[in-house]
Amino acid sequence: MKKFFSVKDVASVSEVVNEALEQKANPYALESLGKHKTLGLVFLNPSLRTRLSTQKAAMNLGMNVMVMNMDKDGWALETQDGVVMNGTTVEHIREAAAVMGEYCDILGLRSFPKLKDREEDYSEDLFNKFIEYCGVPVVSLESATRHPLQSLTDLITITEYKNSKKPKVVLVWAPHVKALPQAVPNSFSEWMCQAQVEGLVEFTIAHPKGYQLSEEFTNGANISNNLEESIKDAEFLYVKNWSSYEQYGQVFPVTENWMMDNQKLALTNNAKVMHCLPVRRDLELSAEILDGPNSLVIKEAGNRVWAAQVVLKRMLESLAK
Amino acid sequence: MKKFFSVKDVASVSEVVNEALEQKANPYALESLGKHKTLGLVFLNPSLRTRLSTQKAAMNLGMNVMVMNMDKDGWALETQDGVVMNGTTVEHIREAAAVMGEYCDILGLRSFPKLKDREEDYSEDLFNKFIEYCGVPVVSLESATRHPLQSLTDLITITEYKNSKKPKVVLVWAPHVKALPQAVPNSFSEWMCQAQVEGLVEFTIAHPKGYQLSEEFTNGANISNNLEESIKDAEFLYVKNWSSYEQYGQVFPVTENWMMDNQKLALTNNAKVMHCLPVRRDLELSAEILDGPNSLVIKEAGNRVWAAQVVLKRMLESLAK
Amino acid sequence: MKKFFSVKDVASVSEVVNEALEQKANPYALESLGKHKTLGLVFLNPSLRTRLSTQKAAMNLGMNVMVMNMDKDGWALETQDGVVMNGTTVEHIREAAAVMGEYCDILGLRSFPKLKDREEDYSEDLFNKFIEYCGVPVVSLESATRHPLQSLTDLITITEYKNSKKPKVVLVWAPHVKALPQAVPNSFSEWMCQAQVEGLVEFTIAHPKGYQLSEEFTNGANISNNLEESIKDAEFLYVKNWSSYEQYGQVFPVTENWMMDNQKLALTNNAKVMHCLPVRRDLELSAEILDGPNSLVIKEAGNRVWAAQVVLKRMLESLAK
Chain A
1 MKKFFSVKDV ASVSEVVNEA LEQKANPYAL ESLGKHKTLG LVFLNPSLRT
51 RLSTQKAAMN LGMNVMVMNM DKDGWALETQ DGVVMNGTTV EHIREAAAVM
101 GEYCDILGLR SFPKLKDREE DYSEDLFNKF IEYCGVPVVS LESATRHPLQ
151 SLTDLITITE YKNSKKPKVV LVWAPHVKAL PQAVPNSFSE WMCQAQVEGL
201 VEFTIAHPKG YQLSEEFTNG ANISNNLEES IKDAEFLYVK NWSSYEQYGQ
251 VFPVTENWMM DNQKLALTNN AKVMHCLPVR RDLELSAEIL DGPNSLVIKE
301 AGNRVWAAQV VLKRMLESLA K
Chain G
1 MKKFFSVKDV ASVSEVVNEA LEQKANPYAL ESLGKHKTLG LVFLNPSLRT
51 RLSTQKAAMN LGMNVMVMNM DKDGWALETQ DGVVMNGTTV EHIREAAAVM
101 GEYCDILGLR SFPKLKDREE DYSEDLFNKF IEYCGVPVVS LESATRHPLQ
151 SLTDLITITE YKNSKKPKVV LVWAPHVKAL PQAVPNSFSE WMCQAQVEGL
201 VEFTIAHPKG YQLSEEFTNG ANISNNLEES IKDAEFLYVK NWSSYEQYGQ
251 VFPVTENWMM DNQKLALTNN AKVMHCLPVR RDLELSAEIL DGPNSLVIKE
301 AGNRVWAAQV VLKRMLESLA K
Chain P
1 MKKFFSVKDV ASVSEVVNEA LEQKANPYAL ESLGKHKTLG LVFLNPSLRT
51 RLSTQKAAMN LGMNVMVMNM DKDGWALETQ DGVVMNGTTV EHIREAAAVM
101 GEYCDILGLR SFPKLKDREE DYSEDLFNKF IEYCGVPVVS LESATRHPLQ
151 SLTDLITITE YKNSKKPKVV LVWAPHVKAL PQAVPNSFSE WMCQAQVEGL
201 VEFTIAHPKG YQLSEEFTNG ANISNNLEES IKDAEFLYVK NWSSYEQYGQ
251 VFPVTENWMM DNQKLALTNN AKVMHCLPVR RDLELSAEIL DGPNSLVIKE
301 AGNRVWAAQV VLKRMLESLA K
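So the protein lines, in turn, are chains A, G and P.
Note that my numbering has the first sequence beginning at 1, numbered continuously upward.
Note that my numbering has the second sequence beginning at 1, numbered continuously upward.
Note that my numbering has the third sequence beginning at 1, numbered continuously upward.
Chain A on its own, in the form it takes in the complex (with noise of 0.2 Å):
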């Protein structure tokens, strides 16, 4: 494995399941394959989830693991060619990503969208320039459109605690004060569209009238504005504010009550309850189901790690051919 950026980057994701699963049965069973190995975590945002859970990850496999933050460093990159570097970026995103990779055996990159220009997000430039440019393999901590470590995390929580053979999941969307990247739930979404398709779920959208998400990651799901009725019968919830792909960026105001609570719990299938974290408690989810029985964001959190050991696992040993 190059690249871990999309669900596209997995053959097949009940084997990536699997394979995660048995990390996490056997956590230094493959201590000795990342030996001498560095993974070097690039953050142009912050993050807490992610970089723990990687590192961790990175450490269970014997690797030496680098954090820059670059965020709070200010070190502004270009990433535009043709331009005079004369104003306030102090790097281009060709050397920086090149010389990182001097460095590390494998790179692991988060960048948020700046939610100002949908072409210029949905175009992964800078994600693009710099596993063009640094020449060593990438995984995504999260990119303006996706977040693959997530839905992964997230499948392998599903297969965990599902009762059915199909269980029914339902992305919910869910009220939120800030305008949100569309990155989690496209994510989701395109995973669990694939995990359809492979015969492990069942999959259906609820969301309010101006929140459809991009067709290229909702192909195959079921898509309602109704809530009530798209979360009949399911077995899982997945909770989870975004902002408008539309109006690209733009946070309309819903009428209806969205926040997933109780008694809208009721109308389930006693459905396991998960979310990606940070949530906003008794906004996106009422505090009750949160530290009720019916939550998995814990665990959803701590399988974080088996997300990310399978995926420098296969990086690893691809490197090693």
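Derived by calculation from the structure, the hints in this document are not laboratory data.
Predicted model, so just to flag it, every value in this text is computed and none were measured.
Treat the hints with caution; some may be incorrect.
Treat identical chains as interchangeable: a pair holds within one or across any two.
Result set (DSBU-like, lysine-lysine): computed pairs, CA atoms no more than 35 Å apart in a straight line [said to hold, decoys possible]:
1) K232 <-> K2
2) K232 <-> K3
3) K129 <-> K162
4) K129 <-> K178
5) K321 <-> K114
6) K129 <-> K264
7) K2 <-> K24
Following the hints, put chains G and P in place on chain A, whose structure we already have.
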């Protein structure tokens, strides 16, 4: 040991000091104890000595260390329950602590008081909630009211450098330009009071009127407002500024000169001088003392490693059970 | 080796380059040399290449690494003696350095000049005091006047890529939008002058009038204000901006075009082009050169590891004695 927050978390201060000195004599003897164990250090406030010495101690024990500088990430934590999180706090401590507990076998937390509301600070609400929700052993890296790794360090240092069986130890207030927490003197006092009970020291506190500490921490100490009288025959002077506990967080003009200098040192039994650092030279403590033969401040700072190491050792042993 | 601050800290530049190339050929041969040894990297200014490459080198030698970004912690250090510390400085360098020396076997320090007061910057007061007070070997990660790890890297790179026994190397001034320190060119110059003494290179410096470096660093170099003439027959061009030493820290308008491009490159002996990075594209150096076959900048950055590794190796060997 599941918690290291106050002197009450050790059955005997003599025992823990002796165990720490064994670690110092043989730093790598227990290097296999921490294999595959991860220490997470969470800083809500800056740190130099605490971070480096605790990291070093963990590495001596063979642990992996992950550091989270949450103060710099601006990742504001919500601590109150029943709050609709539609403001500036991004994550509730319930989730944040629990998630860190998923990735780490032991957690360290630093959180300073705000010095605005005494009840809030002295409730240690944040710390207690972190301990409750994270699900793994927690070592205090300094809380609103205590700095136990510093106090254990100080008793180790006194044990190493004492000339008599039961030396006179005096905690002496000193001037400063800022309003500082009571955490270090509170903690030093509760550790010295317990050391006095165990027959290791005789303990006196000297401060100007208005600067008395909470009685919760000073039970058994000899307390005086007369600097020169109180330091007579002292074998150890522990110099430290703090703001008022009574008029919480306030700083009063003090007309007498409380800065420790050679003239005052002459009144003691050639006392060794200690300070937790950072120290304001020629304000709290004279440069001549700091650069002279009576200063223990650097050796004291060096001993921070062994305080941290014995605490981590005990926690690792309790995990192994 | 107790100090790596200037070219004077190595007896022979040829020897240290050869030793570095041995490390490069066999990166993990000395992995047991650094066991139980800790490197502390103290940054008073931001760093990308230096931090990553030095961390990597230390890990190759089996060392533990602790990084302190003091610039971000806002932990202002006092460097003057005899000052009553009642202002904004929190800790004196005497204590800060000594304490770090308690926790680390080797320390690295980065501290940029302020470019306000030449005497202050060129006294290297902070660096000298840090070395004096910390009590352990110190490697410069760039000081006010020198960047020796960069210069050693550059000589390693020239040695690897040279086509003739004694190649002509030219340090060429380049335009920039900011006033930059003289540390890199000073250091490059003192290393090249010594390399010239040892018969390894022929060394020329080309810069516009007003940009002469301090003679302390350029003794033996051929110095010219004529760009085109000076680069004739050059086998290596080392492109770098710096502010004025004479009119300290000032930047003058330069009417001629000093940006290095293919047209000027054609005047050389098909010179390899070097730059310490970060580089401003199409301002200091043309994009066509950076993306073309003559650029060594990425390989040069990669060699930072071996410069750091040979220095740490020598320091570890001196500790073992």
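We went through each hint and held it up to the structure:
{"no.": "1", "hint": "K232 <-> K2", "in the structure": "neither (40 Å within a copy, 44 Å between copies)"}
{"no.": "2", "hint": "K232 <-> K3", "in the structure": "neither (37 Å within a copy, 45 Å between copies)"}
{"no.": "3", "hint": "K129 <-> K162", "in the structure": "between (39 Å within a copy, 31 Å between copies)"}
{"no.": "4", "hint": "K129 <-> K178", "in the structure": "both (29 Å within a copy, 27 Å between copies)"}
{"no.": "5", "hint": "K321 <-> K114", "in the structure": "neither (38 Å within a copy, 49 Å between copies)"}
{"no.": "6", "hint": "K129 <-> K264", "in the structure": "between (44 Å within a copy, 29 Å between copies)"}
{"no.": "7", "hint": "K2 <-> K24", "in the structure": "both (22 Å within a copy, 25 Å between copies)"}
Of the numbered hints given earlier, the model fails hints 1, 2, 5; all others are met.
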